[in-house]
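Protein chains: 2
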Amino acid sequence: MKINANDLSTMEQRYRATLINSLAGVRQVALVGTQSPDGVNNLAIFNSLIHIGANPPLYGLLFRPATVRRDTLTNIFETGSYTINFPSSRYFMQSHQTSAKYGEQESEFDEVGLTAAHEPNVHAPFVKEAIVKMAMKYEEKVDISINGTIMIIGSIQMICLPDRMVSEDGYVGHDLGDTLACAGLDAYYRVSEIGRLSYARPGQWSEPVERTSVKA
Amino acid sequence: MKINANDLSTMEQRYRATLINSLAGVRQVALVGTQSPDGVNNLAIFNSLIHIGANPPLYGLLFRPATVRRDTLTNIFETGSYTINFPSSRYFMQSHQTSAKYGEQESEFDEVGLTAAHEPNVHAPFVKEAIVKMAMKYEEKVDISINGTIMIIGSIQMICLPDRMVSEDGYVGHDLGDTLACAGLDAYYRVSEIGRLSYARPGQWSEPVERTSVKA
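Residue numbers (the numbering used here), protein chains in the order written: chain A, 90 to 305; chain B, 90 to 305.
Since the hints were derived computationally from the structure, they do not count as laboratory data. Mixed in with the good hints there might be a few duds.
When chains are identical, the list treats them as one kind, so a pair holds in a single copy or across two.
Stated by the list, open to error - Heads up, simulated DSS-like pairs for lysine-lysine below, C-alpha to C-alpha not over 30 angstroms straight-line:
hint: 1; residue 1: 230; residue 2: 91
hint: 2; residue 1: 190; residue 2: 91
hint: 3; residue 1: 217; residue 2: 230
hint: 4; residue 1: 91; residue 2: 217
hint: 5; residue 1: 226; residue 2: 91
The model shown is predicted, which means the values in this text are computed figures rather than measured ones.
Go ahead and model the full structure; you've got the sequences and the hints to work with.
Written out as structure tokens, the structure is:
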């Protein structure tokens, strides 16, 4: 199938949105937890988590102008605090359900049956059931002028994950946690590791990297 | 395992880079093809493809300040043209090998054993072996001031993929093309679909969406 620019511009709108969203590929599901200044917990699903840098450790999240993530964005601006939670694949229905348009005073945690967990010095709630949990601090807002999209960049303040997912060199094996991935707005995926390869150098093929024993 | 901000800032640098890169999760492997004004083909692997919008169809790619993607970036600025190619999982070694530091006058296509394919009106080369191919036009450069990272946004000019990957509603099934995913800088993954879910609404669980027959 070959689709050119003219096909794209005249395409039925919903078909195009589904095509372009899902074509971008498989991505990690991130459940983003926030709390409003008056104490309402909010939970929203994102498929736009992006690694910005390791030192300092920075991740980005994209907020599209047309989406209904306003509670999350407002809470991040007002409190500076949010959490990123990776659910395992068995929570794919609850994760998807957080995308329903609940009222501002309703907590998605209660509505979808996930548990808000709190940590000292972190305003935003974590997802107790998530296999990986991170506390984030809001750092920078980046405006993408071409379509009004906003990227929110935050620094990682705390990471909580099972020892068995982390190799001796720091590598996190997502298959070991069965973390949930997705494509587009409604398709959910499992991942399995093919392998790791050694640092690539000209003139020779990389070697497979053996799984190291995890940290005790 | 619980890692706090102080642990992160005092962590051994390579361990931290591996941890923070791989922790960000599984992402699509994008091979980005460009051609210099004097005709040298370039191919580079990216794990930072991000969906920016569907109308117009826009994807972003992140260029970190410390990486060696200068050829790709220079070629995009000078020609305005690049391609995004998704390899299937059996090309994971060739894909990884494009990250080796070849000289400016060497083509990664030749060095790793992939074939440059050209289309009329597209300056940049495609990867003939790739299962999904896209022609991109450079649109906007976004500076991320916190760490000097650059996001390049382009509009999709052409998409070429097998009919069997596309459902009637436009959804692209990545397991149907066995497209390659990765985590961090050296780990490669296969993906398998759990299922699609209907649009989420408050007060009811979404229904599974059946696989529709693909377009003839």
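To see whether the hints hold, each was checked on the structure:
no.: 1; hint: 230 x 91; verdict: between (37 angstroms within a copy, 28 angstroms between copies)
no.: 2; hint: 190 x 91; verdict: neither (36 angstroms within a copy, 33 angstroms between copies)
no.: 3; hint: 217 x 230; verdict: within (28 angstroms within a copy, 39 angstroms between copies)
no.: 4; hint: 91 x 217; verdict: between (45 angstroms within a copy, 14 angstroms between copies)
no.: 5; hint: 226 x 91; verdict: between (43 angstroms within a copy, 17 angstroms between copies)
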